[in-house]
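If you're matching positions, the sequence shown starts at 17 in our numbering and goes up one per residue.
Misleading hints may appear alongside valid ones.
[As the list claims (entries may be wrong)] Simulated crosslink set (EDC-like; lysine to aspartate or glutamate; CA at most 20 Å straight-line):
id, residue 1, residue 2
1, Lys181, Glu151
2, Lys216, Glu48
3, Lys58, Asp132
4, Lys216, Glu85
5, Lys47, Glu261
6, Lys55, Glu88
7, Lys110, Glu48
8, Lys216, Glu63
9, Lys122, Glu88
10, Lys216, Asp138
11, Lys268, Glu151
12, Lys58, Glu187
13, Lys216, Asp254
14, Lys176, Glu151
15, Lys115, Asp125
16, Lys58, Glu88
17, Lys216, Glu261
18, Lys176, Glu261
19, Lys181, Asp138
20, Lys158, Asp125
21, Lys55, Glu187
22, Lys89, Asp51
23, Lys47, Glu109
24, Lys122, Asp138
25, Lys115, Glu88
26, Lys58, Glu113
27, Lys122, Asp132
28, Lys55, Glu113
29, Lys158, Glu261
[Claimed, not checked] Between beta-carbon pairs, the in silico distance windows are:
id, residue 1, residue 2, range
30, Thr144, Ala195, 27 to 33 Å
31, Ile177, Gly71, 36 to 42 Å
32, Arg179, Ile209, 38 to 44 Å
33, Gly124, Glu188, 22 to 28 Å
34, Asn258, Pro127, 34 to 40 Å
35, Ser70, Pro101, 14 to 20 Å
36, Lys158, Lys181, 39 to 45 Å
37, Arg179, Pro213, 18 to 24 Å
38, Gly129, Asn210, 30 to 36 Å
39, Trp173, Gly112, 22 to 28 Å
Treat the hints as calculated values from the structure; they're not laboratory data. Note that CB positions come from ideal geometry on N, CA and C, so glycine has one too.
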Amino acid sequence: MQILNPIPNEKSLDRIYSDYYKSWELIKFKKEVSDMKSKTFKGYLSEITAVASSGRFLDIGCATGEFMESAEKAGFDVYGVEISPFGILRCREKFGENKILGSRLKVGDFPSGFFDVVTLSDVIEHITTPLLFLEIVHNILKPNGILMIVTPNTSSWTRKIMRKKWLHYKEEHVCYYNATNITRLLSSYFNTINIKPAYKTLTINYINGVILAYLNKGLLKKITYFLDKFPCCMKFRDFRINIGEMIVLCRKK
Numbered sequence: 017m018q019i020l021n022p023i024p025n026e027k028s029l030d031r032i033y034s035d036y037y038k039s040w041e042l043i044k045f046k047k048e049v050s051d052m053k054s055k056t057f058k059g060y061l062s063e064i065t066a067v068a069s070s071g072r073f074l075d076i077g078c079a080t081g082e083f084m085e086s087a088e089k090a091g092f093d094v095y096g097v098e099i100s101p102f103g104i105l106r107c108r109e110k111f112g113e114n115k116i117l118g119s120r121l122k123v124g125d126f127p128s129g130f131f132d133v134v135t136l137s138d139v140i141e142h143i144t145t146p147l148l149f150l151e152i153v154h155n156i157l158k159p160n161g162i163l164m165i166v167t168p169n170t171s172s173w174t175r176k177i178m179r180k181k182w183l184h185y186k187e188e189h190v191c192y193y194n195a196t197n198i199t200r201l202l203s204s205y206f207n208t209i210n211i212k213p214a215y216k217t218l219t220i221n222y223i224n225g226v227i228l229a230y231l232n233k234g235l236l237k238k239i240t241y242f243l244d245k246f247p248c249c250m251k252f253r254d255f256r257i258n259i260g261e262m263i264v265l266c267r268k269k
């Protein structure tokens, strides 16, 4: 496992998360982002419904609620956990205040054995004490409950190509995993069902916009020049892309 050194304290992380999702709702990308995320989460949900088709569903790090919306449409009773004030506001508008925990998950926030499914999509890499966190998740899951994790994979092709410039190396990502060490981490509380590459639905227009806004230098600057030459009919077409993440499905011991 790779660990960020030094690990940022909670105050530093809270500052990062304070407006973490506002860019998703910029007029330029609002509908595009919503559509992409809905399609991405439908793909993740298909992995879950193969082993759990109903019950209480908790999305930890629920952002602005797109995964919860997909799960609710599939028949789950949905709950969320979020620490970004912007995300909390959006989710409470959508699902009601009693369905959204607006703080870090801790012991006692939910009853033991309350959930059939818990999801951690792009979350566990943010957790500074992952084993203690997984103990809490284990406690709130029912016997044989399902945990789904999506997280960057240090053995992925994107990490091997980009090395130190890997797009997932971020200040707020404190722990990094591959299939071997995440299986080992989970083994205290969960049996791993399978590990696969995780695919996100993205458009060329969105990828180009993100690079221009946040990563526009060196090789990536050349990529934006190339992407900008695509015809409009290609720029807004959906692509399922693995950008170096894995999806881990496991069952409570």
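Verification of the supplied hints:
| no. | hint | result |
| --- | --- | --- |
| 1 | Lys181 with Glu151 | 33 Å, violated |
| 2 | Lys216 with Glu48 | 13 Å, holds |
| 3 | Lys58 with Asp132 | 18 Å, holds |
| 4 | Lys216 with Glu85 | 17 Å, holds |
| 5 | Lys47 with Glu261 | 24 Å, violated |
| 6 | Lys55 with Glu88 | 14 Å, holds |
| 7 | Lys110 with Glu48 | 19 Å, holds |
| 8 | Lys216 with Glu63 | 14 Å, holds |
| 9 | Lys122 with Glu88 | 24 Å, violated |
| 10 | Lys216 with Asp138 | 12 Å, holds |
| 11 | Lys268 with Glu151 | 11 Å, holds |
| 12 | Lys58 with Glu187 | 29 Å, violated |
| 13 | Lys216 with Asp254 | 10 Å, holds |
| 14 | Lys176 with Glu151 | 32 Å, violated |
| 15 | Lys115 with Asp125 | 12 Å, holds |
| 16 | Lys58 with Glu88 | 11 Å, holds |
| 17 | Lys216 with Glu261 | 9 Å, holds |
| 18 | Lys176 with Glu261 | 13 Å, holds |
| 19 | Lys181 with Asp138 | 19 Å, holds |
| 20 | Lys158 with Asp125 | 15 Å, holds |
| 21 | Lys55 with Glu187 | 28 Å, violated |
| 22 | Lys89 with Asp51 | 15 Å, holds |
| 23 | Lys47 with Glu109 | 18 Å, holds |
| 24 | Lys122 with Asp138 | 19 Å, holds |
| 25 | Lys115 with Glu88 | 12 Å, holds |
| 26 | Lys58 with Glu113 | 24 Å, violated |
| 27 | Lys122 with Asp132 | 18 Å, holds |
| 28 | Lys55 with Glu113 | 26 Å, violated |
| 29 | Lys158 with Glu261 | 27 Å, violated |
| 30 | Thr144 with Ala195: 27 to 33 Å | 22 Å, violated |
| 31 | Ile177 with Gly71: 36 to 42 Å | 40 Å, holds |
| 32 | Arg179 with Ile209: 38 to 44 Å | 31 Å, violated |
| 33 | Gly124 with Glu188: 22 to 28 Å | 26 Å, holds |
| 34 | Asn258 with Pro127: 34 to 40 Å | 37 Å, holds |
| 35 | Ser70 with Pro101: 14 to 20 Å | 32 Å, violated |
| 36 | Lys158 with Lys181: 39 to 45 Å | 42 Å, holds |
| 37 | Arg179 with Pro213: 18 to 24 Å | 19 Å, holds |
| 38 | Gly129 with Asn210: 30 to 36 Å | 24 Å, violated |
| 39 | Trp173 with Gly112: 22 to 28 Å | 42 Å, violated |
In summary, the structure is inconsistent with hints 1, 5, 9, 12, 14, 21, 26, 28, 29, 30, 32, 35, 38, 39 from the numbered list given earlier, while agreeing with the others.
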